[in-house]
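A.B. asks: Sequence:
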Amino acid sequence: INTNTIRFGYPNGVNPAVVGVRGIQNASIPTTLNINDNIIEGIAGVPIAGTSETNFIINNTTTATATVNTNGNIIRNFERTGASGTMYGIRIIANNWTANGNTIDNLKWSNINATGEIFAIQNFGASTTNIYSNNIISNLTTATTGAIVGIRDVSAGAKTANGNTISNFTKV
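Going left to right, the sequence shown walks through residues 14 to 185 as this note's numbering numbers them.
It is worth saying that the hints were derived from the structure and are not from the lab. Please read all numbers here as calculations on a predicted model, not as lab measurements. One thing to keep in mind: the hints can contain errors.
Here are the in silico distance ranges between beta carbons for each label pair [what the hints assert, rightly or not]:
| id | residue 1 | residue 2 | range |
| --- | --- | --- | --- |
| 1 | Arg20 | Ala139 | 23 to 29 Å |
| 2 | Asp50 | Ser180 | 19 to 25 Å |
| 3 | Asn47 | Thr76 | 30 to 36 Å |
| 4 | Thr45 | Thr173 | 17 to 23 Å |
Cβ atoms here follow ideal geometry from the backbone N, Cα and C, with glycine treated the same way.
Put together the whole structure using the sequences plus the hints.
C.D. replies: This is the structure we're talking about:
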């Protein structure tokens with residue numbers, strides 16, 4: 014899934030309850046999954062309403078894909094207006110995952126009373142090896158009660174993180 018440009022918003026205020034809003038979603042289990050050099054961006058003046066999850070890139074299978082590469086993707090300029098929910102920049106379950114050279118910039122909750130969270134890059138399953146390198150994560154904003162996390166890995170496997178730039182997290 015390479016070299017795509019995706020622009021979207023979801024302003025109507027109806028909660029897309031079950032699956033939320035997703036930019037790129039893989040739900041199969043290939044041996045190797047490449048999600049590289051995509052641009053996923055919000056439409057100026059068209060926020061994402063509701064309280065569900067927003068996943069800009071997600072590999073959501075019940076079994077980990079053997080190898081996932083997410084390199085050179087740009088995720089930028091999204092605003093959430095709902096009272097709660099979670100924004101995930103890149104969210105992967107894989108045995109071996111490389112996230113290199115991705116940019117996640119300007120994700121924000123504009124509702125100052127929201128409890129919304131932002132996870133820029135997240136592994137959400139068992140992994141053997143994960144490499145996070147040369148990613149730029151910047152300008153993420155939530156209300157005072159919302160969490161902001163640059164890189165989150167919940168696996169017990171080996172992890173390497175180097176050359177990442179994480180900056181300008183704001184609570185309003």
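A.B. asks: Give a verdict on every hint.
C.D. replies: To see whether the hints hold, each was checked on the structure:
{"no.": "1", "hint": "Arg20 with Ala139: 23 to 29 Å", "result": "34 Å, violated"}
{"no.": "2", "hint": "Asp50 with Ser180: 19 to 25 Å", "result": "23 Å, holds"}
{"no.": "3", "hint": "Asn47 with Thr76: 30 to 36 Å", "result": "18 Å, violated"}
{"no.": "4", "hint": "Thr45 with Thr173: 17 to 23 Å", "result": "19 Å, holds"}
When held up to the earlier numbered hints, the structure conflicts with 1, 3 and fits the remainder.
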